[in-house]
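> Sequence:
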Amino acid sequence: MPTFARRRSATRNTSLLGVIVLVWLLIGVIAGAQRNYYDSAPTNCASTGTIALTIIAGPLNYLGANPKTDCDVDLPQPSQ
1 MPTFARRRSA TRNTSLLGVI VLVWLLIGVI AGAQRNYYDS APTNCASTGT
51 IALTIIAGPL NYLGANPKTD CDVDLPQPSQ
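Per our numbering, residue 1 is the first one in the sequence shown, and the count goes up by one each step.
Check before you lean on any hint, since a few could be wrong.
For each label pair, taking beta carbons as the anchor points, the in silico distance ranges come out as [said to hold, decoys possible]:
id, residue 1, residue 2, range
1, GLY49, PRO76, 17 to 25 angstroms
2, THR14, GLN34, 27 to 35 angstroms
3, THR43, ARG12, 29 to 37 angstroms
4, LEU60, TYR38, 17 to 25 angstroms
5, GLY64, VAL29, 13 to 21 angstroms
6, PRO42, SER79, 29 to 37 angstroms
7, ALA46, ILE20, 25 to 33 angstroms
8, THR11, SER79, 49 to 57 angstroms
These are computed hints drawn from the structure, not numbers from a lab. Quick reminder that beta carbons are idealized off the backbone N, C-alpha and C, glycines included.
Full structure from sequences and hints, please.
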């Protein structure tokens with residue numbers, strides 16, 4: 001296969017992957033809007049995380065995924 005044809009094929013695959021990712025995230029944004037997550041500004045880590053997970057989950061939201069997060073993580077404290 002000539003180099004030009006190989007390069008064109010790689011560009012086409014990259015563009016297709018970019019479009020798929022964009023559509024995936026757009027579906028996640030729509031799911032968040034349908035759940036009224038954007039009505040007010042996120043007030044804490046959990047609401048911000050839930051919005052981000054909903055967007056990343058994309059179409060999985062319509063297959064029953066309802067991602068939620070909890071920020072009650074006990075992080076180690078620095079020694080004194």
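> GLY49 and PRO76, beta-carbon distance inside 17 to 25 angstroms?
For GLY49 and PRO76 the Cβ distance comes to about 20 angstroms; the hint holds.
> Determine whether the Cβ-Cβ distance between THR11 and SER79 falls within the hinted range of 49 to 57 angstroms.
Distance hint for THR11, SER79 holds at roughly 52 angstroms.
> For LEU60 and TYR38, compare the CB-CB distance with the range 17 to 25 angstroms and indicate the outcome.
This hint holds: roughly 19 angstroms between Cβ atoms.
> Using the beta carbons of GLY64 and VAL29, state whether their distance is inside 13 to 21 angstroms or not.
Given range 13 to 21 angstroms: holds, Cβ gap about 19 angstroms.
> Look at the Cβ atoms of THR14 and GLN34 and judge whether their distance stays inside 27 to 35 angstroms.
Given range 27 to 35 angstroms: holds, Cβ gap about 31 angstroms.
> Does the Cβ-Cβ separation between ALA46 and ILE20 fall within 25 to 33 angstroms?
At roughly 29 angstroms between Cβ atoms, ILE20 and ALA46 fall inside 25 to 33 angstroms, so the hint holds.
> Should the hint that THR43 and ARG12 are 29 to 37 angstroms apart at their CB atoms be regarded as holding?
violated, 44 angstroms
> Looking only at beta-carbon atoms, does the pair PRO42, SER79 fall within the given range of 29 to 37 angstroms?
33 angstroms Cβ-Cβ, so the 29 to 37 angstroms window holds.
Violated hint for the displayed structure: number 3, the only one.
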